[in-house]
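**Q** Residue numbers (the working numbering), protein chains in the order written: chain A, 1 to 419; chain B, 1001 to 1419.
Be aware that one or more of the hints could be misleading.
[Unchecked claim] Only pairs whose alpha carbons sit at most 25 Å apart, straight line, appear in this in silico SDA-like list of lysine to any residue:
#1 B:K1278 with A:N315
#2 A:K128 with B:L1210
#3 A:K372 with B:T1354
#4 B:K1278 with A:K128
#5 A:K178 with B:H1400
#6 A:K372 with B:R1119
#7 B:K1278 with B:S1260
[What the hints assert, rightly or not] Here are some, though not all, of the chain A residues that point toward chain B, as calculated from beta-carbon distances under 8 Å:
#8 N32
#9 F141
#10 G145
#11 L242
#12 Y313
#13 V317
[To be verified] Computed footprint of chain A on chain B; a stretch qualifies when at least three of its residues, placed anywhere within it, have a C-beta under 8 Å from a C-beta of chain A:
#14 1148-1160
#15 1265-1278
#16 1290-1297
Source of the hints: derived by calculation from the structure; they are not laboratory data.
Think of the CB as a built atom: it goes at the ideal place given N, C-alpha and C, for glycine as much as any other residue.
2 protein chains.
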Amino acid sequence: MALFKNIFPVRGRPTAELLTVGTELVTGTTVNTNASYLGRELTQLGFRVEHQCACRDETEAIQEALQRALARSQVIVICGGLGPTPDDITRQTLAEFFGVPLVLSRAQYRQIQRYYRSRGRTVPAIVKPEAYFPANAKPVFNEFGIALGFIIEERGRVILVVPGVPRELVRLFETRLKPFLQGRFSRLRPLASLIVKTVGLSEPAVMRRLGRRFFRMGQFEFGIYPEAGEVGLRVYADSPALIRRLRLRVKKVLGRHIYSFSEESLEAAIGRELVRKKGTLAIAESCTGGRIAELLTGVPGASRYLAGAVVAYQNGVKTRILDVPDQLIKRRGAVSREVVLRMAFGVRARFGATLGIGVTGIAGPGGGSREKPVGLVYLAIASAGEKKAWKEQFRGERLHIQDRAAKKALEYLWRWLKR
Amino acid sequence: MALFKNIFPVRGRPTAELLTVGTELVTGTTVNTNASYLGRELTQLGFRVEHQCACRDETEAIQEALQRALARSQVIVICGGLGPTPDDITRQTLAEFFGVPLVLSRAQYRQIQRYYRSRGRTVPAIVKPEAYFPANAKPVFNEFGIALGFIIEERGRVILVVPGVPRELVRLFETRLKPFLQGRFSRLRPLASLIVKTVGLSEPAVMRRLGRRFFRMGQFEFGIYPEAGEVGLRVYADSPALIRRLRLRVKKVLGRHIYSFSEESLEAAIGRELVRKKGTLAIAESCTGGRIAELLTGVPGASRYLAGAVVAYQNGVKTRILDVPDQLIKRRGAVSREVVLRMAFGVRARFGATLGIGVTGIAGPGGGSREKPVGLVYLAIASAGEKKAWKEQFRGERLHIQDRAAKKALEYLWRWLKR
């Protein structure tokens, strides 16, 4: 297994750990996106994030986890359990742990009053405790919501306590906690990093192309992240020069499969290319049901290049709006090379766009046959002088097939634009 | 804060804990959906999930976490780090920890050969170690992928080790681990549970309606989970009779805001209603860019009631395909009550559906003005004899506004269907 021996974790940096509080996290009712957000942000700031734990909204569990964190990490971020419901006990638990009373932040209480007043209501009694902080802490004013955050410095450790509402967490981190950490750890140098996003290669194929040589170039931390149709790479190193060399190497071996050297999404990269080429796009989706349009319209400014889309779920729509001849559907079937080409062609003409995309397929679980099994998808692109269709066979469940087909359409579109 | 005093965690059950292994998890490159899946499944089986930890792909970190888990939990599920890349060290680390060699599972190796043969390739050298298991373990054959799972019983603890590929994890858990745990803990009684999904009420509003009385009805574990426009409740108790009483109470106080007593999504509930009423639906989306169609088409069998959708991103599309008069757009603006009504009406007629939905708004970050700020969204529903429009003002970022607007449209559609 130790094929590439010289991958070393980056050491000698202040350690950080995350404690996300919430019974819903350990019992799995909520996906812990806060942990991934905080892990990413702390890593980028230059901390070595060593642990991430979730515990129940229970005094004992929180205190035990805090005790352990204090013993091993310099920075501890505690997230969640600051809300108004009776199971939110993080605030009191920390005050008890340090043996201090809770005190009111008048600024936060005024913010709460403003919040409710602007919604035409008075402050409910159960909400007031959210403006309190342990007496040994520095309050962190939360102008983005209700719950006050706070920072405790004890025993040489820094403990940041933030609400678990994702939107508030992100804003508080950006505007208050990040500047605080940068000031407090003023000699912290952000890690040099390399992000590479590729499309059209599998994880083993990417590894094969990188080869042993890549991993002999120096000491760095390497992560490879496959997700529906894409593979991302993330490399952290202390040395920016090494990162530059690695980047050149990656560019050489992965070439046209790279669509970005940043966190940019494939749909944003496509948007960038369309703007550059002054192209416009129209989409005719059947089995993907709006996913392609959804991805592309998620990008700010998409209205510059996206004319629109038709989700042609029933055959009548293909005929009436996309001008696919009824006879053709009858003869070849709605899921066929001929029909998908007409869809791409039809939507392009109908919307007056320079490019048209068509997708038709069988997402399942029903609707498959021996000749046309579940997962069969046809994709097409049409421009003024050219059109092309592809046949794909995906496996797995409905949502998976839909996602893969949508991503495949974006991949072909990206390649088309980059020819 | 302790407004509702008698919420007790359910005790006296075997304890379980999760250890997800992966540097990508602590550095936040990957969202830990495996942890939430496993937490949910173990809780439903009747275990008390106490902790969930993620650690880096490092020998020391894994062994330290395992040591701690062995000291406190009866069942430990370790997930991830079984793949082919050099940072995947979970397998060897566990063998080292218990001082045993790794041995080959011939069955798994044959499966790996089959897997590659069916893709017209030979087995890469770096993949073979994935068929090994520590000699003190029982192998768990993985017919859904490459990496072998295994179960270790040591020191009175049960340690389940499973690959982190989500699709494989889910299938292995369903077909092998769940039956194993049910056999091994044969006296384990699943908890009685109540799931309630509501739309159109805020979290505090739900709490207010439940009131003190609800929380005085007995001993149970209570979770409330707000997400974009919806609030979910989850209650676990030992007593099925108590769950039945709580359900009646919930039904009484939350009434028509409840759209499901199961994990069913709002879009699935809408589909169910449309099928029952033999209705069909057509959607005209502007600022939501295909999100409504995407949500509705994610439900198996959506083709029975969803005719299709138009994403009218540029004004020309509204005119040409949805028959919104050009003059009306010029006079009232594309984001207006008049235009959204015409969109709903137009798409319904164009697709020959019984119901039409229209959405138009400003998702931002650009495009806002003093009179029509970012976040302003008009929604409309039109049927044969009736039409109605709503004006909404959302806050936050582009994707958030798009998601909220899409969810609001589904909420109004649900209410329309349930009148």
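**Q** For every hint, state whether the structure bears it out.
**A** Consistency of the hints with the structure:
Taking the CA atoms of K1278 of chain B and N315 of chain A, the gap is about 18 Å. The hint holds against a cut of 25 Å. Of the pairs offered as hints, the one joining K128 of chain A and L1210 of chain B holds, with about 19 Å between alpha carbons and a cut-off of 25 Å not exceeded. At most 25 Å may separate the alpha-carbon atoms for a hinted pair to count; K372 of chain A and T1354 of chain B exceed this at roughly 31 Å. A distance of roughly 49 Å separates the Cα atoms of K1278 of chain B and K128 of chain A; the hinted pair therefore is violated under the 25 Å criterion.
Distance restraint check for K178 of chain A and H1400 of chain B: the Cα-Cα separation of roughly 23 Å lies within the 25 Å cut-off, and the hinted pair is therefore satisfied. Restraint check for K372 of chain A and R1119 of chain B: the C-alpha separation of about 20 Å stays at or below 25 Å, so the hint holds. For the hint pairing K1278 of chain B with S1260 of chain B, the CA-to-CA distance comes to about 20 Å; that is within 25 Å, so the pair holds. A cut of 8 Å between beta carbons decides the hint on N32 of chain A: the least distance to chain B is about 6 Å, and the hint holds.
For F141 of chain A, the interface hint is violated, the least distance from its beta-carbon to any beta-carbon of chain B being 19 Å, above 8 Å. A hinted interface residue such as G145 of chain A counts as satisfied when its beta carbon comes closer than 8 Å to some beta carbon of chain B; here the least separation is about 11 Å, so the hint is violated. Of the supplied interface hints, the one on L242 of chain A is violated, with its beta-carbon coming no nearer than about 18 Å to a beta-carbon of chain B, more than 8 Å. Because the beta carbon of Y313 of chain A sits about 5 Å from the nearest beta carbon in chain B, less than 8 Å, this interface hint is met.
The restraint placing V317 of chain A at the interface with chain B holds, with a minimum CB-CB distance near 4 Å, inside the 8 Å limit. For the segment 1148-1160 of chain B, the assignment as covered by chain A is violated, since 0 residues bring a beta-carbon within under 8 Å of that chain's beta-carbons and 3 are needed. Only residues whose C-beta sits within less than 8 Å of a C-beta in chain A count toward coverage, and the segment 1265-1278 of chain B has 0 of them, not enough to reach three; the restraint is violated. Here the segment 1290-1297 of chain B counts 7 residues with a CB under 8 Å from a CB of chain A, which clears the bar of 3, and the coverage holds.
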